[in-house]
Amino acid sequence: MAIEKFSKDHEWVRVEGDIATIGITNHAQEQLGDVVFVEVPEVGRKVSAGEAVAVVESVKAASDVYAPVSGEVTEANADLAANSALVNEDAEGKAWFFKMRLANTAELDALMDRAGYDAFVKESA
Amino acid sequence: MSAPADAHLKRTPLYNLHVALGAKMVPFAGYEMPVQYPLGVLKEHLWTREQAGLFDVSHMGQAHLIADDGKHETVARALEALAPADIVSLKPGQQRYTQLLNDDGGIIDDLMVTRSALASDEGRLFLVVNAACKDTDYLHIAARLPAGVILSAQDDRGLLAIQGPGAAAALSKHAPKAGALGFMQAASMPVGPYDCHVSRSGYTGEDGYEISMAADDAVELARLLTSDPAVQFIGLGARDSLRLEAGLCLYGHDIDETTSPVEAALVWSMQKRRRIEGGFPGSARIQKELADGPSRLRVGIKPDGRAPAREGTEIQLAAGDRIGIITSGGFGPTVNGPIAMGYVAAAHAKPGTQVQLIVRGKPLPATLVNLPFAPHRYARKA
Chain C
1 MAIEKFSKDH EWVRVEGDIA TIGITNHAQE QLGDVVFVEV PEVGRKVSAG EAVAVVESVK
61 AASDVYAPVS GEVTEANADL AANSALVNED AEGKAWFFKM RLANTAELDA LMDRAGYDAF
121 VKESA
Chain S
1 MSAPADAHLK RTPLYNLHVA LGAKMVPFAG YEMPVQYPLG VLKEHLWTRE QAGLFDVSHM
61 GQAHLIADDG KHETVARALE ALAPADIVSL KPGQQRYTQL LNDDGGIIDD LMVTRSALAS
121 DEGRLFLVVN AACKDTDYLH IAARLPAGVI LSAQDDRGLL AIQGPGAAAA LSKHAPKAGA
181 LGFMQAASMP VGPYDCHVSR SGYTGEDGYE ISMAADDAVE LARLLTSDPA VQFIGLGARD
241 SLRLEAGLCL YGHDIDETTS PVEAALVWSM QKRRRIEGGF PGSARIQKEL ADGPSRLRVG
301 IKPDGRAPAR EGTEIQLAAG DRIGIITSGG FGPTVNGPIA MGYVAAAHAK PGTQVQLIVR
361 GKPLPATLVN LPFAPHRYAR KA
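Protein chains in written order, with the numbering used here: chain C, 1 to 125; chain S, 1 to 382.
By construction, these hints were calculated from the structure, which means they are not laboratory data. Among the hints, a few may not be true.
[Said to hold, decoys possible] Straight-line distance between alpha carbons at most 30 angstroms, and here's what the computed DSS-like set of lysine-lysine pairs gives: (1) Lys122(C) to Lys99(C); (2) Lys60(C) to Lys71(S); (3) Lys94(C) to Lys272(S); (4) Lys43(S) to Lys46(C); (5) Lys91(S) to Lys60(C); (6) Lys381(S) to Lys8(C).
[Unchecked claim] Here chain S is said to cover these stretches of chain C; the calculated rule only asks that three of the stretch's residues, wherever they fall, bring their Cβ under 8 angstroms from a Cβ of chain S: (7) 26-40; (8) 104-113.
[What the hints assert, rightly or not] Simulated restraints, written as ranges between beta carbons of each label pair: (9) Ala81(C) to Gly30(S): 35 to 41 angstroms; (10) Gly30(S) to Glu89(C): 35 to 41 angstroms; (11) Arg310(S) to Ala106(C): 33 to 39 angstroms; (12) Glu89(C) to Ala215(S): 38 to 44 angstroms; (13) Ser152(S) to Ala81(C): 53 to 59 angstroms; (14) Ala20(S) to Ala2(C): 48 to 54 angstroms; (15) Lys91(S) to Lys94(C): 44 to 50 angstroms; (16) Asn104(C) to Arg310(S): 42 to 48 angstroms; (17) Asp18(C) to Ala20(S): 50 to 56 angstroms; (18) Ala52(C) to Asp292(S): 41 to 47 angstroms; (19) Asp156(S) to Ala81(C): 17 to 23 angstroms; (20) Glu42(C) to His376(S): 37 to 43 angstroms.
Predicted model only: the values in this text are computed from it and were never measured. Just so it is clear, CB atoms sit at the ideal spot from N, CA and C, and this is done for glycine as well.
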């Protein structure tokens with residue numbers, strides 16, 4: 001069964017086994033507006049939690065996407081380079097950014113669950 | 001991402017209407033302005049290029065420059081002492097784009113100047129200046145006017161721009177005289193029941209109009225124009241991408257007190273008599289740049305890939321060889337790709353020059369191109 005977690009930087013993390021899939025939340029894409037460019041990390045890159053690993057640019061601005069947990073990138077979503085608007089259409093589904101092999105599953109404990117994230121968004125509004 | 005409410009921010013007469021329409025309001029030039037409506041920046045941009053967009057530009061400064069003697073030449077000479085356009089030769093109802101210059105030939109602000117079309121208003125120029133600059137502009141102008149010429153800020157006026165291929169048809173329904181105006185021509189006319197001053201101009205590269213009205217009429221006039229399904233309200237976000245595609249300068253970004261009109265590729269806005277005679281602030285520098293060429297030049301920049309390069313991005317000719325900087329950059333919805341403009345050393349400003357843009361520490365290939373990115377579609381009349 002997949003575990004779903006959220007970061008304060010508005011990323012979602014879905015974990016199956018030791019593989020985490022990461023994207024930006026629906027709330028984040030709403031705030032960004034029309035996404036026009038996405039840059040995903042290279043496979044094999046080792047990243048630390050909190051490190052900027054991807055970029056999402058809307059018509060308004062460029063934003064970094066941070067690794068919510070540490071690990072090694074195992075796959076990046078090539079569809080996003082060709083069709084960045086997918087982020088607006090399905091941020092928490094088809095528009096995943098990258099997958100990584102977790103270095104330390106304990107780091108997941110520092111992230112929020114869905115209810116915690118929803119409350120966090122409400123507070124920051 | 002929402003900025004805290006600031007008690008010092010001003011509101012235009014359309015503020016409540018923007019909020020009612022679901023606009024996202026942001027601080028801009030001292031005002032709370034709509035950056036986008038529910039349609040979103042991308043679709044608002046495309047709507048303007050395909051139909052007609054309505055922009056609240058009431059934050060901009062409207063002012064009259066008035067000669068006591070009722071003579072055009074008197075008021076025109078007064079403005080020519082501050083700006084490099086030929087104002088004396090303006091015909092009644094004709095409009096020109098120009099700049100207020102400092103003593104070094106740097107740009108204090110850019111503005112639109114219109115000679116009144118009415119014989120009864122002879123000796124009057126209508127100015128539209130940038131919102132962020134208006135207070136300092138008015139002080140600057142007023143301090144330098146000769147006796148017999150006064151500046152009168154028109155703070156009780158609203159200003160709407162209607163832009164796009166559908167603009168003329170949409171406005172003509174309520175103002176049949178609007179169709180007779182050519183690009184950069186203006187006249188007073190009723191729009192529906194409201195007395196307005198209408199010019200065929202704008203800042204999107206499209207055909208369209210700017211409509212000045214009593215502030216009290218602004219909401220009703222906006223409702224009248226948007227009752228046409230072809231007309232949608234458009235926010236500042238799309239206004240920025242539209243003007244960038246049109247290759248038009250944004251004050252404080254592409255032009256400022258350090259850039260001259262020659263460097264900014266605005267020589268076309270300085271008519272021949274002024275270029276030869278000078279007699280405006282900084283004319284020595286500007287005439288020298290006209291004769292010898294400027295050291296840097298504003299150019300269009302097209303990234304070869306999909307990644308936008310934003311304002312402040314360094315431009316290199318080859319690795320480590322910096323030749324300039326991007327002053328406006330983003331995504332062009334009509335171009336369907338990233339676009340930018342900026343300044344490069346004049347020796348390397350030729351269109352077709354291959355450059356590198358340093359984005360997030362990495363060099364991205366780009367090409368210098370002629371402006372505009374989207375062709376102008378003005379309704380020029382002889």
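Against the structure, the hints:
no.: 1; hint: Lys122(C) to Lys99(C); result: holds (28 angstroms)
no.: 2; hint: Lys60(C) to Lys71(S); result: violated (47 angstroms)
no.: 3; hint: Lys94(C) to Lys272(S); result: violated (59 angstroms)
no.: 4; hint: Lys43(S) to Lys46(C); result: violated (38 angstroms)
no.: 5; hint: Lys91(S) to Lys60(C); result: violated (40 angstroms)
no.: 6; hint: Lys381(S) to Lys8(C); result: violated (57 angstroms)
no.: 7; hint: 26-40; result: holds (count 6)
no.: 8; hint: 104-113; result: violated (count 0)
no.: 9; hint: Ala81(C) to Gly30(S): 35 to 41 angstroms; result: holds (40 angstroms)
no.: 10; hint: Gly30(S) to Glu89(C): 35 to 41 angstroms; result: holds (37 angstroms)
no.: 11; hint: Arg310(S) to Ala106(C): 33 to 39 angstroms; result: holds (38 angstroms)
no.: 12; hint: Glu89(C) to Ala215(S): 38 to 44 angstroms; result: holds (41 angstroms)
no.: 13; hint: Ser152(S) to Ala81(C): 53 to 59 angstroms; result: holds (55 angstroms)
no.: 14; hint: Ala20(S) to Ala2(C): 48 to 54 angstroms; result: violated (43 angstroms)
no.: 15; hint: Lys91(S) to Lys94(C): 44 to 50 angstroms; result: violated (59 angstroms)
no.: 16; hint: Asn104(C) to Arg310(S): 42 to 48 angstroms; result: violated (35 angstroms)
no.: 17; hint: Asp18(C) to Ala20(S): 50 to 56 angstroms; result: holds (51 angstroms)
no.: 18; hint: Ala52(C) to Asp292(S): 41 to 47 angstroms; result: holds (45 angstroms)
no.: 19; hint: Asp156(S) to Ala81(C): 17 to 23 angstroms; result: violated (52 angstroms)
no.: 20; hint: Glu42(C) to His376(S): 37 to 43 angstroms; result: holds (42 angstroms)
Of the numbered hints stated above, those contradicted by the structure are hints 2, 3, 4, 5, 6, 8, 14, 15, 16, 19, listed in ascending order.
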